[in-house]
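Following the hints, complete the assembly by docking chain B onto the known chain A.
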Amino acid sequence: DAGVTQSPTHLIKTRGQQVTLRCSPISGHKSVSWYQQVLGQGPQFIFQYYEKEERGRGNFPDRFSARQFPNYSSELNVNALLLGDSALYLCASSLTRESRNSPLHFGNGTRLTVT
Amino acid sequence: AQKVTQAQTEISVVEKEDVTLDCVYETRDTTYYLFWYKQPPSGELVFLIRRNSFDEQNEISGRYSWNFQKSTSSFNFTITASQVVDSAVYFCALSGMGGGSNYKLTFGKGTLLTVNP
Chain A
1 DAGVTQSPTH
11 LIKTRGQQVT
21 LRCSPISGHK
31 SVSWYQQVLG
41 QGPQFIFQYY
51 EKEERGRGNF
61 PDRFSARQFP
71 NYSSELNVNA
81 LLLGDSALYL
91 CASSLTRESR
101 NSPLHFGNGT
111 RLTVT
Chain B
116 AQKVTQAQTE
126 ISVVEKEDVT
136 LDCVYETRDT
146 TYYLFWYKQP
156 PSGELVFLIR
166 RNSFDEQNEI
176 SGRYSWNFQK
186 STSSFNFTIT
196 ASQVVDSAVY
206 FCALSGMGGG
216 SNYKLTFGKG
226 TLLTVNP
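Quick mapping for you: the protein sequence lines, in order, are chains A and B.
Under this note's numbering, the first residue of the first sequence is numbered 1, with each subsequent residue one higher.
Under this note's numbering, the first residue of the second sequence is numbered 116, with each subsequent residue one higher.
So that you can see chain A by itself, here it is in the shape it has in the complex (with noise of 0.2 angstroms):
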């Protein structure tokens, strides 16, 4: 089976300019979460949805905003970026809608530079 995918995997952007970062969760998997990682840092919790309601958000500005497909695949878009939205982008699948029930199931992440 194949395990969670994410596109493109990387990106460089312009201060300003608006991004779109997709994810396609594993197969059977209604729970997408998302993460950001900057360099030498843990990741930090951005959104989760959940049979394609947003179920959580984290501590990240109103630029930040994200949806979830019939297909459960989903987008996170960013808009008006800062040199400090440069980073690694994960997006994670999980089976139920916490994580104490199913882990979660990370992707290769989505690396985006902000010039």
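Since the hints were made in silico from the structure, they are not lab data.
Every clue listed holds true.
Partial selection, computed: residues in chain A whose CB lies under 10 angstroms from chain B:
1) Gly3
2) Val4
3) Thr9
4) Gln37
5) Gly40
6) Gly42
7) Pro43
8) Gln44
9) Leu90
10) Ser102
11) Pro103
12) Leu104
13) Asn108
14) Gly109
15) Arg111
Distance condition first, Cα-Cα at most 30 angstroms in a straight line; then the derived DSBU-like pairs of lysine-lysine:
16) B:Lys224 with A:Lys13
17) B:Lys118 with A:Lys52
18) A:Lys13 with B:Lys153
19) A:Lys30 with B:Lys153
20) B:Lys118 with A:Lys30
21) B:Lys153 with A:Lys52
22) B:Lys224 with B:Lys118
23) B:Lys224 with A:Lys30
Far from chain A, by Cβ distances over 12 angstroms, these chain B residues were calculated:
24) Ser127
25) Glu130
26) Asp133
27) Val134
28) Gln172
29) Asn173
30) Asn191
31) Val200
32) Asp201
33) Ser202
34) Asn231
Glycine included, every Cβ here is placed at the ideal spot set by N, Cα and C.
Same frame as chain A, but now just chain B:
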């Protein structure tokens, strides 16, 4: 607020040495889950183990073992007879049950383990 501290930023060992990665956590939840993930240079986070707060039994899986001590809020990870392929960044993470935090993981800053041949 939840917090995970991995005090060891980097560890370097020679192949076949045993190595322990430390993890200390803080939470007000009475029920919570602890995780360890491995991140090789490819970037993907690989799930290693999940332990709930009611299960303090130590666990062994091959060369890996985990020591959960609720009294000291620690969940340490030991690799026995380390191998070069164990080189990676290892993250400890915490998932709570209350306050809307049961759907996200709080990660530590990670420990970079380098195993030299």
